[in-house]
Amino acid sequence: MHYLKTIFKWIKKDIIYLIISILAIIFVNYSRTFVPLFYKHAVDTIFENKGSNLPGFIVDFINIGDTQLNKLFFLGLALIMIQLFRALFMFISGSCNALFSENIAYRMRVKLYNHIQNLSYSYHTHAETGDLIQRSTSDVDTVRRFVGSQLTEVFSVILLFTFVLLQMLRIHTTMTLVSLIVVPFIFTFAFIFFKKIQNVFTETDESEGKMSTALQENLTGIRVVKAFARENYEISKLNKLNRVYADNVQKIINGMSTYWASSDFICFLQIALTTIFGAYFAIKGEITTGDLIAFTSYVSTILWPVRQLGRIIVDFGKSSVSLKRIEEVLNEKDEYQEKNLLTPEIKGEITFDHTSFQFPDASVPTLKNVSFTINKGETVAILGKTGSGKSTLAHLLVRLYDYTDGSIKIDGVELKDIDKKWIRKNIGIILQEPFLYSKTIYENIGILNDDYIEEEIFKAAQIAAIHTDITKFEEGYQTLIGERGVTLSGGQRQRVAIARMLVKKIPILIFDDSLSAVDTETDLAIRNALRERSNELTKIIITHRMSTAMEADKIIVFDDGEIHEMGTHDELINNNKIYKKIWEIQSSIETDFQENFVSEVGE
Amino acid sequence: MQEFQEHDYSEKLNINIWKKLVIYMLSLKKQVIIGIVAVILLAVGDITFPLLNRWVIDEITKSVDAGTKLDLNYLKLFVAAFVTLSVFQGMFIYTFIKAAGTIEVELSYALRKAAFEKLQSLSFSYFNKTPIGWIMARVTSDAKRLSEIISWGLIDMSWGIMIMIGIVIVMFSINAKLALITLAVVPILVVISFVFRKLLLKLYRDVRKINSKITGSFNEGITGAKTSKTLVLEDKNLREFDRITNSMRTKSIRAAMISSLFFPLVLMFNFVGTALAIYYGGLTYLQGAISIGTLSLFISYSTQFFDPILQLARVLSELQQAQASAERIISLLEVEPEIVDREEVIAKYGDYLNPKRANWETINGDIEFDHVSFQYKNGERVLEDFNLKVKAGETIALVGETGAGKSTIVNLICRFFEPTAGKILIDGIDYKDRTVGWLHSNLGYVLQSPHLFSGTIMENIRYGRLDATDEEVMEAAKLVDAHEFIINAENGYQTEVGEGGGRLSTGQKQLISFARAILANPAIFLLDEATSSIDTETERKVQTAIHKLLEGRTSFIIAHRLSTIVNSDKIIVIKSGKIIEQGSHSQLINEKGYYYRLYTNQFIEEQTQKLGF
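So the sequences go chain by chain: A and B.
Every letter in the first sequence is one number past the one before it in the working numbering, and letter 21, counting from 1, is 813.
Every letter in the second sequence is one number past the one before it in the working numbering, and letter 186, counting from 1, is 247.
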């Protein structure tokens, strides 16, 4: 029931197409049952002057012809005209089905894409990409096929069966029973068979998947294979999986050959049965020769669709599973649900006031009671061990997570009251592992706005120390990034991401360890270029590099979610804590290098 | 990248490709013959059914006209004839499906098998420049599509041709003029079928192309979701996606509409044929030249005739696709490995499929680079006139920036690449005078990002030496300090590592790859040290494991850790493809050159990291 409700929710907007399609199908199937009646009319009525089962208006039309031959002519003409209409209605139905299903698929895809993008940051941290893609593509496709063809096909088969049954009953009751006797059996047989073979299909898909995975692993690990001289081993491993997969397909083939052979055999017998009983009744005089021809024609018309019906109904199960999987994604809460949020002008002052944060599934808070202020235009460095909460702090600032206690104010406005998209537009954060889009480098850097001019792009790339790298590529800025283009190194990716952020003028910039893969000299060059560009910009630099941190206006050292120490470089080196220790290492190496490295490094 | 663009359709017939494919079909000759014979007999049966009907109808009209009672013997004969024919048809159907299916299964199996074997024989450089997705598509979907189309296409075509020939023969032998008139619409049907098939093939190809774009968009939308959020690109992305999926909708609808015009149109012309059969058949009947049974036979045949035309049009258009698939697979199967052993070398030591291990010399481990230069195919020089003598058991650290050429030296030693000038001597003999297999069986190689295969931890370590006992595997694990975490894992040594070792941490993967290398007990050891930091505890274990591994082996290390570098016998500093400094640690420090600066920076960073930053 729930399933029907869900499917209705998706189809209701386009239901008119479905209705038109079904109306057209009614005509298509009803007129289909006329065809044998035309044969009967020719044989019985025209040749033998017996009764006709054709509708009156067609009989009238045929009777325009005065001689037997002319009647045949008009009969042929009527047959063609009926078919012309049928063809037209078939076309209408097919087109409506296409409009119906493609519109629904379109809406599903767009809705899924939009929804997935709007799901929270934490959802994406745990998301399984392959599974989500599967749901967005093949599951949508399964539903599309269901609403596009299977749904109307079921109607079609049921209609055809009903009309054939009615036409048959008008001719001879016993013959009708005899002619349709196998229908329930053949339907059940088809249903059971396709139900059973589903498992084999699943197994086959799995074994194919295993084989592909093994090949993929073999190819990605080809250096290991070669270095260990394991070519033979790999070949036999792959071929074993190849065999398992082939054997599974063979199982399907075996099932199919048995099924089709036996069900065709049953159908042949049904036709034979109809013919023989027909012959018996014809000779007894209960039916005419034309009736016999009509019956055999009807039987062969109905048997194939009935077998298809069994198959389609089995497929119904698949589509309901797919729909459920799609709904599961859509039922995840998206992160933009709050209304009436503020969009204040952001200048660059940040205040943390007893701020705490705890992940929903964690037992201890990640940030505890953090308080500090950053003034507009200041550069603040944040140091801390892995897991000390420094990245979380950055994530809180752009509302990727919301703090659980205390307050964060941006220019005096409570952060939770500010619109998420607005804050992210004003606070630029560069992640440690930034994602680049499969577009050209130029488009990647200019992605925030389509109207940037070339100079702005180049300038940003220069500040990010990536311009020279880019010009070395054969196609320069027009080089495609990603699978179909070049693969950039980690450091290059980080620098492109920085350039991308720098094109836009924003008041606050956060480097979330986003220079980690860049060497120290380049790191310095980027920071110098940034300082030259603006002193209006508030910068938060999360880093593990001492040299980066020491230049900042303020240094905050984190330990275990708390502020361990805070101050300028000069203040901190007089503070007998972690910062001083690091600093000592730094300075000692300059002075007494020789004796130091032996004792520090030696095993 | 142009060379990896897909073309999934070829216009011209390429006889050469089909000839090459025949090789893979030879072992299936029996199935092909059985299948074709079965389907031809099936077609004969399909033609016989209407003949039986004619016979029944004629007998009925005769007895009705004569007013005689039903002859029981006739009825028995009908029953016997129908049942027998049904049994035969069932058998033929069973046989042809089984035969076609077997051809499909075995052909794709054989193609994949050949591809697997070819791939393992190819040189490293091939994989360096060929996207994996490109290879995967050939081995999986192309092999599948090709064998599907060939096997069923062959069968469907035989059936279609036989049905048409059969019907034509029967009709003409009964009444040539009536046959001609009934079949008058056939040329129209043929034209419509072929035109539409071709059109639809193109339309659906476009749809498939956009479809893969949509999948790509979803992939990017999902993997890039976090970044898109921080950049507030959601709306822009959605607009782009909307544009693509909207064009998918338009194209799909267009294709579906044309396709739903196709069948009704064919059906209609088919009924024109039937109408002709009724009219002229009726005329002939009224003239007394044929019976009612024969009239009904012609009507049946006229409706039976269009299916084979449709089938033929479909098969022929699919064969174009199949040819494109075939071209792609054959191109893969015909790639020549760049690094091959000379014939006389193979004659002595065997190839990788049949190694002659008896002739393999034991290795000592001396390595010499003798005026070695290397440049890539595109002319990029990476190494020039490089000379280096390494005595067995020595450790060499390769130091320098990313892209400086460190990996090239390692790849040269592995013979993944060969020197473009000069020689590499192992134990004083040019390594080209022995097989790649010999070299690799004496080589241990641990990568920066260790690659594991799906399977258990036990299987992964045993990859180093396939005949190692469980005890030996554990011994190796203990040596590199991996034993402890392994037995603490869910199923101990039987724990599944997941695809690419994904269920293990980087440090754990490294330890396992060390155990694997130590089990192989190679004379030459190559290590690409990891740059990414792992937790201190594992890091310590990794360091100890590395030292264990180096003992008594000639080693080359692409080094990032100071302790590894300092402890090596010789350090080679490489900058943009050239060796700028070489010597021991203290020598290089005294030179106060590039190495000195590199060392100082690195030292500070490591010390900072030791504090946990």
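Since the hints were derived computationally from the structure, they do not count as laboratory data.
Predicted, not measured: the structure shown is a model, and the values here were computed from it.
Possibly wrong hints are sitting among the right ones.
[Said to hold, decoys possible] Each computed SDA-like pair below joins lysine to any residue, with the alpha-carbon atoms no more than 20 Å apart:
1. K1043/A with K287/B
2. K297/B with I1044/A
3. K174/B with R1035/A
4. K179/B with Q1008/A
5. K1032/A with K179/B
6. K1131/A with K274/B
7. K287/B with S1092/A
8. K174/B with T921/A
9. K287/B with L1011/A
10. K1296/A with N662/B
11. K903/A with E281/B
12. K274/B with T921/A
13. K274/B with I925/A
14. K1373/A with N662/B
[To be verified] Here are a few chain A residues that face chain B, going by a calculated C-beta distance under 8 Å:
15. I811
16. L864
17. F983
18. R1216
Glycine residues also receive a C-beta, built at the ideal position from the N, C-alpha and C atoms.
Is the hinted pair K1373/A and N662/B satisfied, with a Cα-Cα distance of at most 20 Å? Since the Cα atoms of K1373/A and N662/B sit roughly 17 Å apart, the hinted pair holds (cutoff 20 Å).
20 Å limit on alpha-carbon distance, applied to hinted pair K287/B and L1011/A: Given that 20 Å is the threshold and the Cα spacing comes to 29 Å, the pair is violated.
Is the Cα-Cα distance between K1032/A and K179/B 20 Å or less? Roughly 16 Å separates the two Cα atoms, so the pair holds.
Need the status of pair K179/B, Q1008/A: alpha-carbon distance at most 20 Å? Satisfied, since the Cα-Cα distance of roughly 15 Å is no more than 20 Å.
Next pair to validate is K287/B with S1092/A; report whether the Cα-Cα distance is within 20 Å. 59 Å, violated
Grab the minimum C-beta distance from I811/A to chain B and call the hint holds if it beats 8 Å, violated otherwise. 17 Å, violated
Minimum beta-carbon distance criterion (8 Å), F983/A to chain B: Not OK, violated: F983/A not within 8 Å of chain B, min 20 Å.
Between K297/B and I1044/A, does the CA-CA distance stay at or below 20 Å? 46 Å, violated
Return the status of the interface hint for L864/A: holds when the least beta-carbon distance to chain B is below 8 Å, violated otherwise. 4 Å, holds
Quickly compare the C-alpha distance for K274/B and I925/A to 20 Å and report which way the hint goes. 12 Å, holds
Between K903/A and E281/B, is the straight-line Cα distance small enough, at 20 Å or below? Roughly 16 Å separates the two Cα atoms, so the pair holds.
CA of K1131/A to CA of K274/B, is that 20 Å or under? At roughly 35 Å apart (the allowed maximum being 20 Å), K274/B and K1131/A break the hint.
Hint violations for this structure: numbers 1, 2, 6, 7, 8, 9, 10, 15 and 17, all remaining hints satisfied.
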